[in-house]
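As they're listed, the protein sequences go chains D and P.
Per my numbering, residue 9 is the first one in the first sequence, and the count goes up by one each step.
Per my numbering, residue 9 is the first one in the second sequence, and the count goes up by one each step.
Careful, some of the hints might be misleading.
[Said to hold, decoys possible] Taking lysine-lysine pairs in the PhoX-like style, the calculated list, with each CA pair at most 25 angstroms apart, reads:
#1 D:120 <-> P:29
#2 D:109 <-> P:119
#3 D:193 <-> P:120
#4 P:193 <-> P:29
#5 P:109 <-> D:119
Since the hints were made in silico from the structure, they are not lab data.
Since the model is a prediction, treat every value here as computed from it, not as a measurement.
2 protein chains.
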Amino acid sequence: MELLKQKVKNEGIVLAKGVLKVDSFLNHQMDPFLMREIGREFKSLFAGDKITKVLTIESSGIAPGIMTALELEVPLIFARKQKSLTLTEDIYVEKVYSFTKRETNEITVSKKFIEPGERVLIVDDFLANGEAAFGLARIVEQAGATVAGIGIVIEKSFQPGRELLLKAGYRVESLVRIASLEDEKVAFVGEE
Amino acid sequence: MELLKQKVKNEGIVLAKGVLKVDSFLNHQMDPFLMREIGREFKSLFAGDKITKVLTIESSGIAPGIMTALELEVPLIFARKQKSLTLTEDIYVEKVYSFTKRETNEITVSKKFIEPGERVLIVDDFLANGEAAFGLARIVEQAGATVAGIGIVIEKSFQPGRELLLKAGYRVESLVRIASLEDEKVAFVGEE
Chain D
9 MELLKQKVKN EGIVLAKGVL KVDSFLNHQM DPFLMREIGR EFKSLFAGDK
59 ITKVLTIESS GIAPGIMTAL ELEVPLIFAR KQKSLTLTED IYVEKVYSFT
109 KRETNEITVS KKFIEPGERV LIVDDFLANG EAAFGLARIV EQAGATVAGI
159 GIVIEKSFQP GRELLLKAGY RVESLVRIAS LEDEKVAFVG EE
Chain P
9 MELLKQKVKN EGIVLAKGVL KVDSFLNHQM DPFLMREIGR EFKSLFAGDK
59 ITKVLTIESS GIAPGIMTAL ELEVPLIFAR KQKSLTLTED IYVEKVYSFT
109 KRETNEITVS KKFIEPGERV LIVDDFLANG EAAFGLARIV EQAGATVAGI
159 GIVIEKSFQP GRELLLKAGY RVESLVRIAS LEDEKVAFVG EE
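Given the sequences, and given the hints that come with them, work out the whole structure.
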């Protein structure tokens with residue numbers, strides 16, 4: 009997705025240890041036109057897949073998620089992150105480890121919002137180790153629904169998430185794929 | 009806003025102690041068409057106000073916020089909530105007490121995203137005691153910018169937030185105003 013590549017090139021800031029800061033347009037300040045284009049792009053990728061729900065995770069997944077849901081004309085659900093839970097009767101819970109924050113969160117979705125047989129598109133802002141995507145996929149499968157695909161805004165292709173998800177049989181569509189963040193520079197897959 | 013009223017009437021669940029659950033369309037599962045209508049409604053209310061940014065707070069404010077930002081053709085910023093902070097040099101920080109969760113969070117916005125002189129529209133999903141709205145307004149003012157208005161999706165008019173914000177000189181526009189949640193029923197302002 010060319011518009012997104014340009015944004016990453018022009019506004020992304022490479023920090024130490026493979027961290028890409030995109031807080032000017034994706035995960036703190038957000039460009040609504042870019043979000044709309046992201047929604048349209050995911051629609052064109054998954055238009056034939058009979059998606060019934062989009063599922064994302066708070067907070068940075070919500071804006072691309074709602075735009076994708078609008079284009080696909082289905083509801084968005086966002087999973088909540090919490091440190092620990094007491095009541096878990098009416099919710100699906102999965103543990104997700106964050107390598108960036110070095111902590112485990114429990115992510116939750118109310119059982120009533122995913123029905124058996126649904127076809128769910130998972131959308132998230134970043135894919136690195138795949139922890140969040142796998143957690144969301146396990147929730148979909150707990151509900152007896154199908155993961156129709158995983159749509160990622162920015163994939164760090166030098167980390168193992170994509171390979172692990174493909175190996176597990178999921179379809180992964182990433183709008184930009186970053187091959188490397190070495191020497192404080194962004195190199196895209198296919199342009200190294 | 010009639011569509012929103014209908015949603016609240018048909019899908020809102022009144023819990024004990026004045027809590028209204030709207031997780032089927034607003035803050036867990038989200039209806040993207042409703043979100044788009046909310047954005048259009050805020051645009052029509054604030055179209056003449058030279059808004060330069062929309063500011064909201066994670067997580068439930070993001071979807072109405074991004075749709076409002078899209079309609080007004082300006083960026084959205086979402087404030088982050090955290091329990092405690094160590095580095096605060098480049099960010100504005102305000103304390104916000106949540107009566108529902110009985111905890112104080114620090115909400116933060118990067119300094120680089122609000123310039124002096126900007127006209128900021130604050131958008132949030134709920135207004136009850138006004139804690140979050142005041143916290144966001146103080147951040148705008150710390151930055152030397154102006155709060156052009158406060159746009160609320162659902163106002164609990166039986167709680168003091170609206171009056172306190174008006175008394176402080178802010179313009180408050182709420183898309184639905186709830187007069188009471190007594191006897192497990194939703195009564196709207198003007199329809200009691």
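Here is what the structure says about each hint:
1. D:120 <-> P:29: 14 angstroms, holds
2. D:109 <-> P:119: Holds: residue 109 (chain D) and residue 119 (chain P) sit about 22 angstroms apart, inside 25 angstroms.
3. D:193 <-> P:120: 22 angstroms, holds
4. P:193 <-> P:29: Cα-Cα ~12 angstroms, so holds.
5. P:109 <-> D:119: Given pair residue 109 (chain P), residue 119 (chain D) holds - Cα atoms ~22 angstroms apart, limit 25 angstroms.
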